Structures are given as C-alpha cells and as structure tokens.
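Fit chains B and C to the supplied structure of chain A, relying on the hints for placement.
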Amino acid sequence: MSAIERGRLRDTAPVRLRPGELATLFVIGAIGGLIGDAGHVQSGTTVYLDDATPFVWKSALWFPVLVGLATASIGELRLWLGPPRPGYDARVGIAAIASVLAIYAVTALVHDQAEVPGTTLIVMLAILVACWLGGGTPAIICGVAAAAVGPLAEVIIVELDLAMYSPLADSLFGVALWLPALYFAFGVVVARLAELLVARRAS
Amino acid sequence: MSAIERGRLRDTAPVRLRPGELATLFVIGAIGGLIGDAGHVQSGTTVYLDDATPFVWKSALWFPVLVGLATASIGELRLWLGPPRPGYDARVGIAAIASVLAIYAVTALVHDQAEVPGTTLIVMLAILVACWLGGGTPAIICGVAAAAVGPLAEVIIVELDLAMYSPLADSLFGVALWLPALYFAFGVVVARLAELLVARRAS
Amino acid sequence: MSAIERGRLRDTAPVRLRPGELATLFVIGAIGGLIGDAGHVQSGTTVYLDDATPFVWKSALWFPVLVGLATASIGELRLWLGPPRPGYDARVGIAAIASVLAIYAVTALVHDQAEVPGTTLIVMLAILVACWLGGGTPAIICGVAAAAVGPLAEVIIVELDLAMYSPLADSLFGVALWLPALYFAFGVVVARLAELLVARRAS
Numbered sequence: 168m169s170a171i172e173r174g175r176l177r178d179t180a181p182v183r184l185r186p187g188e189l190a191t192l193f194v195i196g197a198i199g200g201l202i203g204d205a206g207h208v209q210s211g212t213t214v215y216l217d218d219a220t221p222f223v224w225k226s227a228l229w230f231p232v233l234v235g236l237a238t239a240s241i242g243e244l245r246l247w248l249g250p251p252r253p254g255y256d257a258r259v260g261i262a263a264i265a266s267v268l269a270i271y272a273v274t275a276l277v278h279d280q281a282e283v284p285g286t287t288l289i290v291m292l293a294i295l296v297a298c299w300l301g302g303g304t305p306a307i308i309c310g311v312a313a314a315a316v317g318p319l320a321e322v323i324i325v326e327l328d329l330a331m332y333s334p335l336a337d338s339l340f341g342v343a344l345w346l347p348a349l350y351f352a353f354g355v356v357v358a359r360l361a362e363l364l365v366a367r368r369a370s
Numbered sequence: 168m169s170a171i172e173r174g175r176l177r178d179t180a181p182v183r184l185r186p187g188e189l190a191t192l193f194v195i196g197a198i199g200g201l202i203g204d205a206g207h208v209q210s211g212t213t214v215y216l217d218d219a220t221p222f223v224w225k226s227a228l229w230f231p232v233l234v235g236l237a238t239a240s241i242g243e244l245r246l247w248l249g250p251p252r253p254g255y256d257a258r259v260g261i262a263a264i265a266s267v268l269a270i271y272a273v274t275a276l277v278h279d280q281a282e283v284p285g286t287t288l289i290v291m292l293a294i295l296v297a298c299w300l301g302g303g304t305p306a307i308i309c310g311v312a313a314a315a316v317g318p319l320a321e322v323i324i325v326e327l328d329l330a331m332y333s334p335l336a337d338s339l340f341g342v343a344l345w346l347p348a349l350y351f352a353f354g355v356v357v358a359r360l361a362e363l364l365v366a367r368r369a370s
Numbered sequence: 168m169s170a171i172e173r174g175r176l177r178d179t180a181p182v183r184l185r186p187g188e189l190a191t192l193f194v195i196g197a198i199g200g201l202i203g204d205a206g207h208v209q210s211g212t213t214v215y216l217d218d219a220t221p222f223v224w225k226s227a228l229w230f231p232v233l234v235g236l237a238t239a240s241i242g243e244l245r246l247w248l249g250p251p252r253p254g255y256d257a258r259v260g261i262a263a264i265a266s267v268l269a270i271y272a273v274t275a276l277v278h279d280q281a282e283v284p285g286t287t288l289i290v291m292l293a294i295l296v297a298c299w300l301g302g303g304t305p306a307i308i309c310g311v312a313a314a315a316v317g318p319l320a321e322v323i324i325v326e327l328d329l330a331m332y333s334p335l336a337d338s339l340f341g342v343a344l345w346l347p348a349l350y351f352a353f354g355v356v357v358a359r360l361a362e363l364l365v366a367r368r369a370s
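Protein chains in written order, with the working numbering: chain A, 168 to 370; chain B, 168 to 370; chain C, 168 to 370.
Next up, chain A with everything else stripped away, as it sits in the complex (with noise of 0.2 Å):
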C-alpha cells in the first residue's frame, strides 16, 4: 500500500474514539446513570427485586455499568455513522448532559400521574432535544437504536425478576410508555458528545 493510499484510507476510514474519551463516555454515563436511576427507585417508579448484586447509591451495581457501556458504544456508533461536527464548547456538553437528566427526573415525577400528558411531555421533551442539538441523521439513529435496545434491555431485566416499574408506569410490555423518548434523548446527547470529544482534540 502507497502513502498516497494510506492517505486516502484514512480519509474514509471513521474516526475512533480514544480509550481515555471512551473512558469519559463510560464515567459520565454511569453516574448519570446513578442519578437518574435513584430518582426512580426513591419516587418509586422502579423496584429492584434481586440483591445479589452490590448496591451503589440506590443502584443495582450492574445498572451503572450497563448505562455507562451503553453510552459508550451509542459515541462509538455516532463516530462509525460519519464524520463528527467540528467545533467544541463545554458549555454545550454540559447542556446536553443536564438537559437528559432534567428528562430523566420528570419522568420519575410524573410516573404516577396520567399516562397520556406525562408520556407526551417526556416525548416532547425528547424532541426539543433532538432539535436544539440537531446533528442530522447520524443523530437520529444514534437515538433510535437507544430508543429500541434500552427498553427492550429494561423488558429483559424485568422478565428477569430483576426489576419492576411501578404498576402506574409499566404499560409497554412491563416498562414505561416515555421509555423510548427517554432512551432516544439519551441517543441523541452522547452523539453530540461524541462529537464534542472528537472536536475537542483540535481545540
């Protein structure tokens, strides 16, 4: 292989995270993971049903380390799925982490209240999110693949005795209706973290 061919290969070729930026990734996404989750379990939107494992916080330890792989991976498919926007500003990361965790307590404020208003205010939500970080298709089926793989992990679990929602919020197949927007939210703002991480190399 040429030089010239080397070059050209790793024009195409996607931009990889780096270990210390998956690092991130997997760090913000656990605790962000253990803060949302311990609003759950203490309004009672979840139950925990097995102990064998150690608790962190309110968590069950495995929930944080599926959160934080989770967030990982969802860069990860955001940087194979095209070249990230240039451009980095903290202010925006931030932004985004707090605006799904914002997302994340409403609903568990809202899960014992009527499903239709509190499942399209957290679809609403889900969408004032996605619009304001935009990012394009990319974006869109980083949050797409979160809305199918989470709640379909969270069924599992449930399946599992793992787990329950409250019965006041498990109507989709055993977990909560606002599951995917929230999930989709979530998608979307690790694309755009991914992103960032990506910029910021330059910056």
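Be aware that a few hints might be false.
Note that identical chains are pooled: a pair holds if it fits in a single copy or bridges any two copies.
Claimed, not checked - Derived lysine to any residue pairs resembling SDA-like cross-links, with alpha carbons at most 25 Å apart:
#1 K225 with V182
#2 K225 with L339
#3 K225 with P253
#4 K225 with D279
#5 K225 with M331
None of these hints come from the bench; they were simulated from the model.
All values reported here derive from a predicted model rather than from experimental measurement.
Relative to the frame of chain A, chains B and C by itself:
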C-alpha cells in the same frame, strides 16, 4: 390597471397561505389538539358533558376541528399582519410544535396543584417560547388574539354545558387561570409556522 | 491628576450601575420574589410564622425587600467582577427573568415529591440556564455567591422562627435541598440583567 400598478399592488398585498398550507396548519392543529386534549381528559383537567357528537380518541369531534380551524386562521392572520420572516428550517417548526404540546401537557399535570405556582410556570413557559421564537409585533398580536378568543370560546363551551373544567382549575369564568397563557403560546407558535410555510416555498 | 491619568482610571475603574438601574433591579427582584414566594406559600412549601410585619400578597413585607436588595447587590457585584458583555437584547432579559421564575414555580410544585428527582430537576434546570446565559467566570461567581448567601440567610430566617419550610422540603439545615440551585440560577440571571442594563445605555 397598468402592469406597473399591478406590480405595486403585488408588492404591498399580503402574502396568502395556499390551500395546501392551510390544510397543513389545519392538520397540525387538529392532531395537536387531540394529543393535548387527551391529556386534559385523562387527567381530569376537563370533562366532556355532552356525547351528542362522535368522539375521536378522548375528544368530541368538534374540538380538533375547532383547533384546526383556529390554527389555519391564526396562520392567515400572521401573514395579514405583515410580510413573513424569511428562512426555512424544519427543526424550528418541529421544535415550536413540540414546545406548545409540552406546555399543554404541563397544564394537565399541574391542574390539581396549587394555582399560583402552576399558573406561574405556564405563563413563564409561554413567555420563554415567545422570546425564543421572536417575530415582534405580528407574533405578539397572534398570541394575544389567541389568548383572548380561545379562552372566550372555551368559556362559551362551558356555559353551553358541553364540557367543564375540573373544580380545581376553573377560576377564570369557569376555565383555568393558565388557559390564556397556553393559547398565547399556541398563537405565537402558529405565527411562526405560517412564516416557515411561506419560507419553504423558496427553499 | 492629568487628563491622561483620569482617562486611564476611567478605563480600569469598574462600570457602576446608575441609581435608576439599581432601582430597576430592585423592582424586578421584589416583584419576582413576590410571585415566586406566593407559589411557595400557597403550595405549603414555606410557611410564615411571624405576622409582626405587614404582608404583601402572600409574603411578609421584608421578603420582597430582601430579594430586591439582593438583586441590586448581585448586579453591582457582576460589574465589579469585570467589564460587562456588550449587546442589548430585551428578549434575553425577559427570557432570563422568566426562566428563573419558572424554576421558582417548579420548586413549589415538586416540594412534596421525592427529593432526589425533584432536586435533580432543579439543579439541571439551573445548569441549563447558566449554560444558556453564559458569561463565564463573573456569572459563575455571582451564581455561587447567591447560592451561598441566599440559603444561609434563609437558614437564619428559619432559625429565628420567622418562617419555616415544609417538613417535606427542609433537609438542608431547615431549608430545601434544591434552594442553592434556585439561588444559583437567580445569581446567574441577575448577572446577565446587569450586563444588559449597561449595554442598553449605548443602544
């Protein structure tokens, strides 16, 4: 009339919405009305007292029809008030619709809470939407017109015993104190949608 | 002192708020405090225990006075911390005020809900406001100063038996756990208002 006179007239005559654009606004309003109203009915914010007309989801058929007509009318009002702003961005339109549906959902969720903080929240959210979407005097006029006509129409609906607001949310002549703020946000959002529909012609 | 020295002094001396601008901040703070406090009192988030002073709406007279003085003081602090950002936009100021009053209302609405998601929501909303309004270190200092002094003053008010927080929202030395986040948003917003007031002079 000479060609020059006709040209001048064309320059000053207001842009009008085309039939397809009016139909688009009607459909957006009708669907949005159905979603918001389902939240109101399910949460007990409002109750239909008359079942003489068919129901669609949780709404009497005339409700989404009225909201659809109001949406198309406010769109026309916006263009009659002055030339629309240029620039088409589908994301702005989607986010504008999502923002008013989010506020609609919040009204259902707070209808049985203390009236001052609930109303304060809705008013402030409506102000935030107006500041965000901008549009100056025409948008404000559309918002104020909706805030006046919409609640008045609902007061008449309540007086006709077709529907009622929860006793916890009926302190404004039988309708909710936050209702004008919700309609204000609705009017401002529809004004923006009308502008976007015209701007889309050139895009 | 030569004219050149006076010129240099003028270049480095901090901009000060004029009496009318301080009065504007005082009035904005006092009215905002009255609206937010009415929500707290009506929802039972807080209770006044002392009726030795006259009441305005639902607040003891000293409350809006204190908030007004705090607003003017933080405005002065902002200018003392560095030159204000240029650019006047009334909509930013209105939206900034609306955002902190919205958060204030949300605190009243969630005060009797589970503490973790309620506090998470308020903290994230405060972070979102700070990211949106920006302003760098001076704004952050104003926010942190407000987050320290405000709750401390309220702890003293509670200790003096002038008022109390609901037993459901008094876990931070007798005041609510979300109170520093609300004051942080307040401080950041007032910092922006001070900048806008100075920028308005040139507009």
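Results for each hint:
no. : hint           : in the structure
1   : K225 with V182 : neither (36 Å within a copy, 49 Å between copies)
2   : K225 with L339 : both (24 Å within a copy, 20 Å between copies)
3   : K225 with P253 : neither (38 Å within a copy, 46 Å between copies)
4   : K225 with D279 : both (20 Å within a copy, 20 Å between copies)
5   : K225 with M331 : within (14 Å within a copy, 29 Å between copies)
Hint check: violations occur at hints 1 and 3; the rest are consistent with the structure.
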